[in-house]
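Protein chains: 2
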Amino acid sequence: MQKLKEKILREGRVQGDHILKVDNFLNHQVDVDFLNEIGQEFAKRFTDAGITKILTIEASGIAVAAITAQYFRVPVVFAKKAQSKNLDQDVYRSQVFSFTKDQTYQIMVSSKYLEQEDRVLIIDDFLANGQAALGLKDIVEQSGAELVGIGIVIEKGFQPGGQILREAGIRVESLAVIQSMVEGQIVFAGDAG
Amino acid sequence: MQKLKEKILREGRVQGDHILKVDNFLNHQVDVDFLNEIGQEFAKRFTDAGITKILTIEASGIAVAAITAQYFRVPVVFAKKAQSKNLDQDVYRSQVFSFTKDQTYQIMVSSKYLEQEDRVLIIDDFLANGQAALGLKDIVEQSGAELVGIGIVIEKGFQPGGQILREAGIRVESLAVIQSMVEGQIVFAGDAG
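In the order they appear, the protein sequences are chains A and B.
Residues 3 to 195 (the working numbering) are what the first sequence spells out, left to right.
Residues 3 to 195 (the working numbering) are what the second sequence spells out, left to right.
No lab work stands behind these hints: they were computed from the structure.
Everything numeric in this text was worked out from a predicted model, so none of it was measured.
Be careful, since some hints might not be right.
[Unchecked claim] Sample of chain B residues facing chain A (criterion: CB under 8 Å; computed from the structure):
1. 30
2. 33
3. 34
4. 78
5. 112
[To be verified] Over 10 Å on every C-beta distance to chain B, these chain A residues come out as not near it, computed from the model:
6. 42
7. 95
8. 148
A virtual CB, placed ideally from N, CA and C, is assigned to each residue, including glycine.
Modelling step: build the complete structure from the supplied sequences, incorporating the hints.
Below, the structure is given as structure tokens:
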């Protein structure tokens, strides 16, 4: 998605060789108009896929998933990260290791909100090591629903998540794929679209 | 908001005398069409208020804030709860005690995303004891921006948050105010609109 690449080049900031900060439009401050363009792009790529539910993970996936869901006219379910008093006991659980926060946490989805008949699109802001996506995939499989694909705003192509998921046979659509960020220089993979 | 009250009565579940679960449309599974009606209602109530930014807190405020922001055409900023490696050092911080999770946590907003000229609308899914809203108010005040009001989807009128905020002179617009939930019976305050 050309406009996304331009926005990353204009507004993103690279820290070290691995961290790309896009918190001025994607995951701290949210540019809602731009998220609508992202949502439309996901809808275009997954048109006719029969999606019945969008699944994401709190917190930074929620905004992009909610805006995107408007173009599919389906509910969003967001996986929760910690045991809260208010959460149902009847849940699907998985473990996720976060390299950003250097810790393992449990994610949960109430079993009421994923059904065997569901055709699920996972949406997230970033794909790097793929841990969050693998945890969500695990939860979809537990529910018996079908994982139709994964829509990612920014994939870090130099980290293994995308390859792991694609080799597992999952359709991954990333709107921008970053090949490298060495010395602050963002290089996109040619096929990012 | 009559339609919200009806939805709460139809789909909400009361646990004990204090917990209302609306996680089938608001804060676990998200009914995006309905959130659009909520967003329009907030826009109607705060029309001509000159809002330049919507502020919320992760995680369950993000969906309603992002959808609502579409009707104001302004960015959303969501306060983050924990120190992540990726967050700026230059941040406003406040402390919030969560009765739901029985713990105190720190919330942070990067100072870049709240400016002195901003006119801020805080949006959140629930108002109960008001701790999250007071933390966000504190952050808005640190930034020098103006807190124009607080838009809440569901206010628990039998808990003190609403009174504390209104007595502090803040305009609080709650789309449904619950007066009591004794023995599973939801009673709305008459003036909830």
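Here is what the structure says about each hint:
The beta carbon of residue 30 of chain B comes within 6 Å of a beta carbon in chain A, closer than 8 Å, and the hint placing it at the interface holds. Checking residue 33 of chain B against chain A by beta carbon gives a least distance of about 6 Å; that is within 8 Å, so the hint holds. A cut of 8 Å between beta carbons decides the hint on residue 34 of chain B: the least distance to chain A is about 4 Å, and the hint holds. The closest approach between the C-beta of residue 78 of chain B and any C-beta of chain A is roughly 4 Å, which is under the 8 Å cut-off, so the hint is satisfied.
Checking residue 112 of chain B against chain A by beta carbon gives a least distance of about 6 Å; that is within 8 Å, so the hint holds. With a closest Cβ-Cβ approach of about 13 Å to chain B, residue 42 of chain A is found to remain outside the 10 Å limit, as its non-interface label requires. Against chain B, the non-interface label of residue 95 of chain A holds: every CB pair exceeds 10 Å, the least being about 14 Å. No beta-carbon of chain B is positioned within 10 Å of the beta-carbon of residue 148 of chain A; the least distance is around 18 Å.
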